[in-house]
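Novice: Protein chains in written order, with numbering that gives the first Met the number 0: chain A, 0 to 655; chain B, 0 to 322.
No lab work stands behind these hints: they were computed from the structure.
Ideal Cβ positions, reconstructed from N, Cα and C, are used throughout, including at glycine.
A portion of the hints provided could be inaccurate.
[What the hints assert, rightly or not] Not everything, but these chain A residues come out facing chain B in the computed CB check (under 10 Å):
1. H88
2. G457
3. F489
4. V492
5. L496
[As the list claims (entries may be wrong)] According to the in silico footprint, chain B covers these stretches of chain A (three or more CB under 8 Å from chain B):
6. 148 to 157
7. 431 to 437
[Claimed, not checked] A short list of chain A residues far from chain B (calculated; beta carbon distances all over 10 Å):
8. G32
9. W33
10. D79
11. Q162
12. T331
13. A332
14. I339
15. W353
16. V392
17. H403
18. R428
19. V444
20. M493
21. T524
22. G607
23. A623
Each chain is listed here by its residues.
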Amino acid sequence: MSAPTRNLPVPLDDSAALTELERIWAPRRGFRGWLTSVDHKSIAKRYIVTALIMFLLAGLEAAAMRAQLSRPENTLVGPDMYNQLFSMHGTTMMFLFAVPIMIAVGLYLVPLMVGTRNVAFPRLNACGYWVYLIGAILLYAGFAVNSGPEAGWFAYVPLSGPQYSAGKRTDIWAQMITFTEIAGLIAATQLIVTILKQRAPGMSLNRVPIFVWGMLVTAFMVIFAMPSVAVGSQYLAMDRLISTHFFNPAEGGDALLWQHMFWFFGHPEVYIMFIPGTAIVSALLPAFTRRSVFGYHAVVLSMIATGFIGFGLWVHHMFAAPVPQLGQSLFTAASTMIAIPNGIQIFCWIATIWTGRPIFRTPLLFAIGGIVIFIAGGLTGVMIASIPFDLQVHDTYFIVAHFHYIILGGVVLPLFAGIYYWFPKVTGRLLSETLGKLHFWLMFVGVNVTFFPMHQLGMEGMPRRVYTYLEGTGWGDLNLVATIGAVTIFASVMTFLANVVSAYVRGERAPDNPWDAPTLEWATTSPPAAFNFRNIPVVESGAPLWDHPAELPVVTGLRTDRREVLLTTALDAVPDARHAHPGDSIWPFMLAVAIGIFFITLIFTPWGFVIGTVLSMIAFGIWAWPRGHHDAELLELPRDAAAAGATDRARSEVLR
Amino acid sequence: MLQAPRYAQQSMIDPAGPKAAAVYDFWLFLIVTSAVVFVVVVGALLFGALKRRPRAPERAVPVDAEHRVARIVGGAVAATALILAVFLTLNWKLERAIAAPKQGNVLTVDVIGHQWWWEIQYPDSLNVSNWISTANEVHIPVNRPVRLRMTSRDVIHSFWVPNLSGKKDLVPGRVTETWFQADTPGVYRGQCAEFCGHQHANMALLVIAHRPDEFREWVAAARAPASEPYDSLRQAGKQVFLAGSCSLCHSVSGTPAYGRVGPDLTHVGSRRTIAAGTLPNTRGHMAGWILDPQRIKPGAYMPPNGLEPSQLNALLAYLEGLK
């Protein structure tokens, strides 16, 4: 593919101003700089690297489980360790890998895609990462001292309650949930405000890249879904720590309450992982089919519809529980209905590929492979919307097969597609195509060999979460096949790591826009400067770099002697204000530490509440203490010019 | 290597009763429809990706062709909606068909979940002495619907015998119900389907479907008190049972042993398995289980029992005799 070099956006006339811009946005040096940085790109990179480490650890846990299950009546791993392993695997994959990495990809790309310098609340963003990191370390520190969670990632009461889960295992799990929920809510807030208020002039809602739409829907879902489990996990912690009885039927509590609170979060969680996956597919299809995605409006509306319907599915995790049958029917209907918006997206992708000119680079292979796997998972998803059929396969390996097809096809393969696609932008280096294709084929084959036999195992009666099975059940052969598949997946991930390492060591230098892609993140250097764009671009279509291949129109006028971002209106992205932008600070880190002390101390004593509240208030108080300079000064623009109904280009003159 | 007892293969695609058969028929519809949809959609995707294309400018942004494509995509969406409507209709009919047994004369069985075994009771409201209590085996007559009333004494479990019926959870503090019916005599295996702790994997049960006359015989035998030991070895075994720790947790009707923590052992000698479907009920396995249950089911609540060989021998003889 040709890789035209660009000189975009138009450089500042004044090279002194550029030097000043670099100086103003540069993070501090050294370790202190690392702790105080508020650059969305550094923070998102940390998030992504941490989440990938979590992915590897959860993968190793899966490998240990597959080794144990490869033979009937195997004694490699005992029940206590096995229960910790599958609880760690599920918890890590859901709370510490899939959602954080998708949100982190959004935190990296959204400001670049909408053409702004940073996220809306950069210090809060930094704080969110540290809180997430503390949660991840807490969970693995617990596991290292034989205190990993043992009641599953779903931690059903009463099994997770004080009577049946002694020790600190479940307490650590419950507080880890709190940490990840805080981090998730922080990141969601960033994304929503950044997307609605910081888009480049002219990027009206109908020109917003599909990826950004996907992150917006995801962020709203996070805000509505996560409080449910955050409150639920605190109820659980209180039941365990101070003998409340929210979930204790003997004292008027109810075991089913937990299931509702958990799945009201837990099912939307699937779409919180999966909508960014589809958004990645939609983001990279234009570059590799040489056309914009077919049916922009249909795809965007499908994602929004999925976001709404996704909240009406949670009871389908509870079809075997005592829930009124008539009420369950609603959830059958919703679980069926959600196939329609997802079908629309798949059909639009097929139309895009069919009418485009596909270029089979690694990102497109991962995207197509992901779609194929996801279709299989979607079909079994419709099957289990049927209550009678679900009651036969619920909590069996059929379900394990189903959701791994959904998550690998809808989340992991699209994520790898995205990594191959944006790696040159993030690092300035290209990944190897040869290793990339090897990675893809190993993974595609491995996923199917691992998980397809599990459908059969489930129908033959193999329940989930069993540490062993009797030889007489006849499940041994298919389990051995699944384990061989898992080895293949392991090899594919090792290939990926080798690819990343070799790209860092001797990878080909990436130009600014190696794929000739149409969206704004490719309009800056690879890797982007700390301030993202020298000048804020002006957008006149959904594919700005294709419509202005030579140079982008820009707005000028943001000050270079301090950090500033341009605020625009939520619907039409008309310039609205210049906003002074906060600088680096250690206090987000300190607040995260205080929150960490808060919840970790709570595992051991209710005094944690007192200590933690005081420490958090001190940290936040210093962070937010007015310092006399104009951190929050809004610079109003002349309203009449914005209201004059001029063209985008004319509006941008306002800032000159 | 433990040898599993010989069961009917536990599987939902080998139905042995009307409820499971109706779900199986619906499954056939699902699998065929899904296979067709998968082949068509993935076929379109791969054909669209791999078809030969005429040479053209590097970046093709078709405009006029979009309308035709839009109609095809709209048609695909309509077809999806139609298939889903058929699915919902058939599903609704299936739900109605299996919601409750069609005929009367329903046999009621109570199931109580424990970590990690199943307590099975046959209530008789007219005569309490007819009440049957057993464990890990549900004896039923064929061609007669069975209604299960279920609850749990500890954590949530789930009752599932795939050849006969889908799942229903056993929830502490609540009573749940489900029903099934067996068409042919046989032994159908099921196991707990809701994760319930350390030995979730080894919490199985057998449904044993008898011909009606055999079932009446079984009921008569099950209602009888434990058979009195008729030789000195077994009498010694009974003393071991009563004097040792066994009777703290287990009960044997007609004796002072009335522990309610573990399974009722009144007729343990006639059961097919021990340790909730984990081992065949043979003398050797029973000996291994009594001496060291933790080796077989790590985490189980039964403690190891350091018995002298002579005591063990007597106890085994006694338990064998509890037919």
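Novice: Please go over all the hints and tell whether each is borne out by the structure.
Specialist: Here is how each hint holds up against the structure:
Of the supplied interface hints, the one on A/H88 is violated, with its beta-carbon coming no nearer than about 13 Å to a beta-carbon of chain B, more than 10 Å. Taking 10 Å as the C-beta contact cut-off toward chain B, the hint placing A/G457 at the interface holds, the least distance being around 9 Å. Nearest Cβ of chain B to the Cβ of A/F489: about 25 Å, over the 10 Å cut. The hint is violated. Contact between A/V492 and chain B, as hinted, is not supported at the beta carbon level, the nearest pair being about 25 Å apart and thus beyond 10 Å.
Below 10 Å, beta-carbon pairs count as interface contacts, and A/L496 has none with chain B, the closest being about 28 Å; its hint is therefore violated. A stretch counts as covered by a chain when three or more of its residues have a beta carbon under 8 Å from one of that chain; for the segment 148 to 157 of chain A and chain B the count is 4, and the coverage holds. Here's how the segment 431 to 437 of chain A fares: 0 of its residues keep a CB closer than 8 Å to some CB of chain B, so the rule of at least three is not met and the hint is violated. Chain B leaves A/G32 outside its interface by the beta-carbon criterion, the shortest separation being 42 Å against a cut-off of 10 Å.
Separation of A/W33 from chain B is adequate, the least Cβ-Cβ distance of about 41 Å exceeding the 10 Å criterion. For A/D79, the condition that its CB be more than 10 Å from all CB atoms of chain B is violated, with the nearest at approximately 6 Å. The beta carbon of A/Q162 sits about 8 Å from the closest Cβ of chain B, which is not more than 10 Å, so the claim that it is off the interface is violated. A Cβ of chain B approaches the Cβ of A/T331 within 10 Å, the least distance being about 7 Å, so the stated non-interface status is violated.
With a closest Cβ-Cβ approach of about 7 Å to chain B, A/A332 is found to fall inside the 10 Å limit, against its non-interface label. Consistency note on A/I339: stated as away from chain B, yet its beta-carbon is not over 10 Å from all of that chain's, at 6 Å minimum. Against chain B, the non-interface label of A/W353 is violated: not every CB pair exceeds 10 Å, the least being about 3 Å. The Cβ of A/V392 sits about 7 Å from the closest Cβ of chain B, inside the 10 Å cut-off, so the non-interface label is violated.
For A/H403, the shortest C-beta to C-beta distance to chain B comes to about 17 Å, beyond the 10 Å cut-off, and the non-interface label holds. With a minimum CB-CB distance of about 25 Å to chain B, A/R428 clears the 10 Å threshold, and the non-interface call stands. With a closest Cβ-Cβ approach of about 16 Å to chain B, A/V444 is found to remain outside the 10 Å limit, as its non-interface label requires. Separation of A/M493 from chain B is adequate, the least Cβ-Cβ distance of about 28 Å exceeding the 10 Å criterion.
A/T524, annotated as away from the interface, keeps every beta carbon of chain B farther than 10 Å; the closest lies near 23 Å. With a least beta-carbon separation of about 28 Å from chain B, A/G607 lies farther than 10 Å from that chain, consistent with its non-interface assignment. With a least CB separation of 45 Å from chain B, A/A623 remains clear of the 10 Å interface cut-off, as annotated.
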